[in-house]
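Modelling step: build the complete structure from the supplied sequences, incorporating the hints.
There are 2 protein chains.
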Amino acid sequence: MAKKAKNQQRTHDPAHLSELLRVGEGFDLAATDSSGTPGFSGSKAEGEAALEAGADALSQLQERLFAGGFSGTSADRVLLIIQGMDTSGKGGIVRHVVGAVDPQGVRHTAFKAPTPEELAHDFLWRVRPQVPGPGLIGVFDRSHYEDVLIVRVHDLVPADEWEARYDTINAFEAELAAQGTAIVKVMLHISPDEQLRRLEKRLYRPDKYWKYSTADLDEHAYWDSYQEAYQAALTRCSTAVAPWHVVPADRKWYARWAVQSLLLNTLTTLDPQWPAAKFDVEAERARLKALLTAG
Amino acid sequence: MAKKAKNQQRTHDPAHLSELLRVGEGFDLAATDSSGTPGFSGSKAEGEAALEAGADALSQLQERLFAGGFSGTSADRVLLIIQGMDTSGKGGIVRHVVGAVDPQGVRHTAFKAPTPEELAHDFLWRVRPQVPGPGLIGVFDRSHYEDVLIVRVHDLVPADEWEARYDTINAFEAELAAQGTAIVKVMLHISPDEQLRRLEKRLYRPDKYWKYSTADLDEHAYWDSYQEAYQAALTRCSTAVAPWHVVPADRKWYARWAVQSLLLNTLTTLDPQWPAAKFDVEAERARLKALLTAG
Numbered sequence: 001m002a003k004k005a006k007n008q009q010r011t012h013d014p015a016h017l018s019e020l021l022r023v024g025e026g027f028d029l030a031a032t033d034s035s036g037t038p039g040f041s042g043s044k045a046e047g048e049a050a051l052e053a054g055a056d057a058l059s060q061l062q063e064r065l066f067a068g069g070f071s072g073t074s075a076d077r078v079l080l081i082i083q084g085m086d087t088s089g090k091g092g093i094v095r096h097v098v099g100a101v102d103p104q105g106v107r108h109t110a111f112k113a114p115t116p117e118e119l120a121h122d123f124l125w126r127v128r129p130q131v132p133g134p135g136l137i138g139v140f141d142r143s144h145y146e147d148v149l150i151v152r153v154h155d156l157v158p159a160d161e162w163e164a165r166y167d168t169i170n171a172f173e174a175e176l177a178a179q180g181t182a183i184v185k186v187m188l189h190i191s192p193d194e195q196l197r198r199l200e201k202r203l204y205r206p207d208k209y210w211k212y213s214t215a216d217l218d219e220h221a222y223w224d225s226y227q228e229a230y231q232a233a234l235t236r237c238s239t240a241v242a243p244w245h246v247v248p249a250d251r252k253w254y255a256r257w258a259v260q261s262l263l264l265n266t267l268t269t270l271d272p273q274w275p276a277a278k279f280d281v282e283a284e285r286a287r288l289k290a291l292l293t294a295g
Numbered sequence: 001m002a003k004k005a006k007n008q009q010r011t012h013d014p015a016h017l018s019e020l021l022r023v024g025e026g027f028d029l030a031a032t033d034s035s036g037t038p039g040f041s042g043s044k045a046e047g048e049a050a051l052e053a054g055a056d057a058l059s060q061l062q063e064r065l066f067a068g069g070f071s072g073t074s075a076d077r078v079l080l081i082i083q084g085m086d087t088s089g090k091g092g093i094v095r096h097v098v099g100a101v102d103p104q105g106v107r108h109t110a111f112k113a114p115t116p117e118e119l120a121h122d123f124l125w126r127v128r129p130q131v132p133g134p135g136l137i138g139v140f141d142r143s144h145y146e147d148v149l150i151v152r153v154h155d156l157v158p159a160d161e162w163e164a165r166y167d168t169i170n171a172f173e174a175e176l177a178a179q180g181t182a183i184v185k186v187m188l189h190i191s192p193d194e195q196l197r198r199l200e201k202r203l204y205r206p207d208k209y210w211k212y213s214t215a216d217l218d219e220h221a222y223w224d225s226y227q228e229a230y231q232a233a234l235t236r237c238s239t240a241v242a243p244w245h246v247v248p249a250d251r252k253w254y255a256r257w258a259v260q261s262l263l264l265n266t267l268t269t270l271d272p273q274w275p276a277a278k279f280d281v282e283a284e285r286a287r288l289k290a291l292l293t294a295g
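These protein sequence lines are chains A and B, in that order. Numbering follows full-length UniProt numbering, in which position 81 of the first sequence is assigned residue number 81; successive positions increment by one, without gaps. Numbering follows full-length UniProt numbering, in which position 181 of the second sequence is assigned residue number 181; successive positions increment by one, without gaps.
Each hint should be verified, as a subset may be incorrect.
Because identical chains share one entry, a pair is satisfied inside a single copy or across any pair of copies.
Below 20 Å or equal to it, Euclidean Cα-Cα: the simulated DMTMM-like pairs (lysine to aspartate or glutamate) are [what the hints assert, rightly or not]:
| # | residue 1 | residue 2 |
| --- | --- | --- |
| 1 | Lys278 | Asp155 |
| 2 | Lys208 | Asp218 |
| 3 | Lys112 | Glu25 |
| 4 | Lys211 | Asp122 |
| 5 | Lys201 | Glu46 |
| 6 | Lys289 | Glu146 |
| 7 | Lys252 | Glu46 |
| 8 | Lys278 | Glu219 |
| 9 | Lys252 | Glu173 |
| 10 | Lys252 | Asp122 |
| 11 | Lys211 | Asp280 |
| 12 | Lys44 | Asp224 |
| 13 | Lys44 | Glu194 |
| 14 | Lys112 | Asp224 |
| 15 | Lys252 | Glu161 |
| 16 | Lys44 | Asp28 |
| 17 | Lys44 | Glu200 |
| 18 | Lys278 | Glu200 |
| 19 | Lys252 | Glu282 |
Don't read these hints as lab results, they were simulated from the structure.
Written as structure tokens, this is what we have:
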């Protein structure tokens, strides 16, 4: 009993976790351990149990959030932005963390390479229509940050163009926050060796071939440039209303627990309430009773 | 052991279930029992266990479906259309059946009362952009069928206009089927008394107030007109490529098991396969090995 209470305490402190993982003054991605488990001192099995335990809490908070949006009593909504190198586990976060809540309340968008039409517009053109409405949890699997990541690494637009985007992104996110969007940004941080091991796995399992592309190893060669681009995006776009969190992700179970905890923390802070009745409860009960007894 | 095998047999026969629930010649909604459990002779607890057991199978088939769409090796996709009177449990199907699969592979749309802009267009205008792409499971919580249900009951357009829509719907669904869409249409069938009991529950639980509207009881008075409109939609739009299934839904656990079984049946028939490698597997393994040993 005492042991259990101790485990609970040490493994569940999401508020503290936000601080631990937040990108602040003097942040250095290169100095950040990708294999750590900050804020969680338990084993993998304990981490998986904590994830399962958190799923219910997340689901219940999400239902209240949804109810507020549905009823028009709250403008609150959540936007989870997931970034990370190939194989960092973005899809696993969607499946194992977001997958715990009601699909009706989730608006999921996976941003792929832009189409010619999208490229002909400002980089936020395709992003704006995908932001979540009241009561929803929006999930961006990749996002507008690709426009200062892959675009910067491969010089897809002139430098002065991507250079201007950091401010544009900050203004965009501030606008979303002002509308009632709680923004949770997570960068899943893996080591280059861990990426190679994960790619290797895909090459030895025929049910994973579809996730592999020869471009993956081509891109691996640009690892350092990507880390530089991430360092810039993380530090220049970690604002008070939309801070970045760097989540060590060499251990998938930890990354899932950490992202779930960040979401739980955000929703707990929003503290969504069941909407009050917008009708005369007694009158409706009487009306219903009459119908039930007549039936 | 023998008992278990027997249970398995009696509780899991999805192929047979499709036939049992399908709307065919001489179908009569008024004569269809809303409290039955066709195709399932077990208890509620057994039904819930079967639902849980089916979730894994559904999730695995969905991942293969998704892989085929992602890789461009298959045009297959699924569209689940859920209709039913208020409180019939449409949301519960989304949560408890669809919720078992990866959110990345689901495209969920809840069709509400149309906006003025939507009303200014043909009734399918707002529906077309929501149909699922390759590899996805589209879910319509309400659908284009509202345009021959509520619209017909309340004379929202002239009779000759809604009258023409049955053929338009059949042509639309045939077009989707020809593109590779497996269409699963379910009508959740409850009794008027069951609806009143469910509405009553919402009036005695503050966490359910948000789901209640005074319009619900107003609409209840049109029960017979709705059943007539459903009878017409079900019989006129149950086609070979897009048959209707009427799912008795007074027992939520049964309805969920039944819809899951219909989806499982559809996916089992599609039999999605892991895409073959589109690259030279041996060459990529060698390339990766060189990087791993260099690192």
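Checked hints:
1. Lys278 x Asp155: The answer is neither: 55 Å in one copy and 28 Å across copies each exceed 20 Å.
2. Lys208 x Asp218: Result: close within a single copy only, 19 Å intra versus 53 Å inter.
3. Lys112 x Glu25: neither (32 Å within a copy, 47 Å between copies)
4. Lys211 x Asp122: So Lys211 and Asp122 fail the 20 Å test inside a copy (30 Å) and across (40 Å) alike.
5. Lys201 x Glu46: The answer is neither: 25 Å in one copy and 38 Å across copies each exceed 20 Å.
6. Lys289 x Glu146: neither (58 Å within a copy, 29 Å between copies)
7. Lys252 x Glu46: within (13 Å within a copy, 34 Å between copies)
8. Lys278 x Glu219: between (55 Å within a copy, 18 Å between copies)
9. Lys252 x Glu173: Neither, since 28 Å and 42 Å both go past 20 Å.
10. Lys252 x Asp122: neither (35 Å within a copy, 48 Å between copies)
11. Lys211 x Asp280: between (55 Å within a copy, 14 Å between copies)
12. Lys44 x Asp224: Cα proximity of Lys44 and Asp224: none, with 30 Å in one copy and 57 Å across.
13. Lys44 x Glu194: This pair counts as within: shortest intra-copy Cα distance 17 Å, inter-copy 46 Å.
14. Lys112 x Asp224: neither (22 Å within a copy, 49 Å between copies)
15. Lys252 x Glu161: Neither way: Lys252 and Glu161 sit 35 Å apart in one copy and 55 Å across, limit 20 Å.
16. Lys44 x Asp28: Neither: 27 Å inside a chain and 56 Å across chains, both beyond 20 Å.
17. Lys44 x Glu200: Neither. Shortest intra-copy (23 Å) and inter-copy (45 Å) distances fail the 20 Å Cα cut-off.
18. Lys278 x Glu200: Answer is between; shortest inter-copy Cα gap is 16 Å, intra-copy 57 Å.
19. Lys252 x Glu282: Answer is neither; intra-copy 51 Å and inter-copy 28 Å both fail.
In the structure shown, a violation is registered for the earlier hints numbered 1, 3, 4, 5, 6, 9, 10, 12, 14, 15, 16, 17 and 19, in ascending order.
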